[in-house]
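Colleague: Sequence:
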Amino acid sequence: MQKLRRPGWQKHKVGPEGKRLGPAIAALWDSLWSITEIDSRPLLLGFSLCAGVIVYFSQSAEPLVWPCVAATIAAGAVYLAARAIWWMSPVSLPLLIALGLTGGFTAAAIRTANVAAPVVKAQTRPMMLEGWITEVEPGTKGARLRIDVHAMSGVSPDDTPKYVRVTHRLNLQVAPGRFVRCYVQLRPPPSPSLPGDYDFRRQAWFEQLGGVGYVMGRCRGGTLGAPRGWGKQLGLDVSAFRRRLAEHANIAAGERAGGFAAALISGDRSFMNTADQDALRASGLSHLLAISGLHMAMVGGLVFLIVWRTLALIEPLALRIAVQKPAAVAALVASLTYLVISGASVSTQRAFIMSAVVFGAVLADRAALSLRSYAIAMILVVLLQPESVVTPGFQMSFAASGALIATYDAWSRRRAEQERVLGSVSFTWASLFVTSLIAGTATAPFAIYHFDRLAGFGLMANLLAMPIISFVSAPLAALSLILTPFGFGDLGLRLFGYSLEAVLAVAHWTASLPNAAVTLPISMPVTTLLLSALAIGCAMAAKGRARLLLASMLIVPAGGRWLQADIVIAHWSPSGDIFLRNEHDELVRYQLVDGDGLPPLRYANTETGKLCSTSACKVSVARGKLPAGTASLYQGASPDAASVELRLDESVLDFSWPDVRQAGGITVKSGRHGLDVVTAPKCGNRPWRACDQS
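Residues in the sequence shown are numbered from 478 upward in steps of one, following the working numbering.
Hints are computed from structural coordinates only; laboratory data are not their basis. Errors might be hidden in some of the hints.
Calculated pairs, DSS-like style, for lysine-lysine (alpha carbon to alpha carbon, straight line, at most 30 Å) [as the list claims (entries may be wrong)]:
| # | residue 1 | residue 2 |
| --- | --- | --- |
| 1 | LYS639 | LYS709 |
| 2 | LYS598 | LYS709 |
| 3 | LYS618 | LYS598 |
| 4 | LYS709 | LYS618 |
| 5 | LYS598 | LYS639 |
| 6 | LYS639 | LYS618 |
Across the chosen pairs, the derived CB separations fall in these ranges [claimed, not checked]:
| # | residue 1 | residue 2 | range |
| --- | --- | --- | --- |
| 7 | PHE965 | THR996 | 44 to 54 Å |
| 8 | LEU796 | PHE965 | 33 to 43 Å |
| 9 | GLY616 | GLY699 | 15 to 25 Å |
| 10 | GLY699 | ILE550 | 42 to 52 Å |
A virtual CB, placed ideally from N, CA and C, is assigned to each residue, including glycine.
Please model the entire structure based on the sequences and the hints provided.
Modeller: Here's what the structure looks like:
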């Protein structure tokens, strides 16, 4: 294997007492130096691209595109020159990292400019909206419709959003793909409720979602035909087909698990009830709902296995061609079909790219599951969808995949001996345990950072549910597809539903256990997340003992930084909502006004029943008091909006409603140096965070 020229290190260097240091240190040095090997360079390039994207999204102002492109071209030219000139080879590795940083930054800047679409500037008056329904999602207050906008009353075509998402509270009588007319009220995509929370405005920008709101009344079908362009027409036809497929699966799979079956087959979760979704989330099985790498691997892998084994039985064919290659082509076609019928969400597109790389490696006679294939998939996803790097789906998916590939790469060298000692059955269960443990450990930092919670029994739930999904549900789904041309597809779907009922039973039982869902009182700082991600990356890129050494060197300071993090004890958002930390060490949202929470804030509109439902606060009003509870926090309210205040006892910190509006939100944190008031960061010059948006 080609490697960089190593600095002089003798395997048996003599120590100060004349003793040889032995091969152990040399082996450790070999492990550390393995990061520079040629096979590790695609992985380092992928990590560098991700870092470049993160740097781009951390900027407060939008950079110009052309200097980014020029910097990337220059970095690429210097790197290629360094590779060509032998005496510059030692610096080629830093130059590769620089190329990745500039390339990721540039890819994100170009992607941001390419998806630009109009966004509503402020809350609109009620207006008529016409367009085509492209997607229906479940919501807490009703179905959420994604509409491809044709026209909006009183809005010029240049200012008309491309897509909007509205909540439909009444019974929905129109299906995806249908042209509708709705009376709606829209507003810009909302800002994060708490500082550091996931920014939906950024996600909406890349989805070209120009407004959110609700339908006043009911959407009614219109007479306008399909939009111009075969691409949009095909998209609407696929949406209509997905809806019919989901409705059929919901009925055929049975009442108990029909919604779950519809979600797995078509990606449509609107038939799932809230209790099942909450149970899957609390038990650590919510990853089953997102059509991602697991589902794509099952579909593609099952088709590959069936076609491969079938062709291998045809002796004249098996002796003349490599039967795994036609199987790989069939698996690619099946994966592409699943991508289309499941809605082609961002996570599904990412999973398809990874599957395409794996089966492409089979076609090219390369190792299908290797860190090189993993790195190529990461590079493609980052270049095509740079915005996904900052999403939990991307981070958890690639962390789990890379950790598992690295683990089984090391484990496979001793597999024969381990299987002989444990036996084939025990080895299979040991593999399932290791898979769940490694995947859970690798994704834990990202789950904690984004969701502030952990599934206490996630490992046990996955050990019980994943064998059902892998060995029962997936084959039954394939059986249903095979039986469909003969008129017995519903029988396969019913059996599929029975298997999913068992999965739901595991989810509900696990979620009912004490401390099943653990909410963490201290949010993970971004520094801890970055150090944890770097530790996981080093564990993948290095080999041997260096994996543990590098990971430990990074995890220890990451944990120390987390222990020193400040605790948010109160936050007053510009929407009028107040978040307070209660006696259970949880941030609880108290809605001060009924409706959308916009000013003016009047005591007459105060929801006193919701204001302090726990003993976490005390309300005082001019000329009287309302009973409510806590020891250290209280709000003062009066009919005059300007005098609404939040004060903390035993401190000099106090601020009023105008302060909150001007600052864009105020947070009170408790740290090593006492209480501190933090204002929201300035809106900055970013397309999704413009200063003229709410």
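Colleague: With a cut-off of 30 Å on the C-alpha distance, tell me whether LYS618 and LYS598 pass.
Modeller: 24 Å, holds
Colleague: Is the hinted range of 15 to 25 Å satisfied by the C-beta distance from GLY616 to GLY699?
Modeller: 23 Å, holds
Colleague: Has the given pair, LYS639 with LYS618, been kept, meaning a C-alpha gap of at most 30 Å?
Modeller: The given pair, whose Cα atoms are some 24 Å apart, holds under the 30 Å limit.
Colleague: Could you tell me whether the CB distance from GLY699 to ILE550 stays inside 42 to 52 Å?
Modeller: 49 Å, holds
Colleague: Using the Cβ atoms, figure out if PHE965 sits within 44 to 54 Å of THR996.
Modeller: 47 Å, holds
Colleague: Kindly confirm whether 33 to 43 Å is satisfied by the beta carbon distance between LEU796 and PHE965.
Modeller: 35 Å, holds
Colleague: Hinted pair, alpha-carbon criterion (30 Å max): LYS598, LYS709. Please report holds or violated.
Modeller: 27 Å, holds
Colleague: Is it true that the CA of LYS639 sits at most 30 Å from the CA of LYS709?
Modeller: 12 Å, holds
Colleague: Going straight from one Cα to the other, do LYS709 and LYS618 come out at no more than 30 Å?
Modeller: Distance of about 29 Å is within 30 Å: holds.
Colleague: Is LYS598 close enough to LYS639, meaning Cα to Cα at most 30 Å?
Modeller: 14 Å, holds
In summary, the structure agrees with every hint in the numbered list given earlier.
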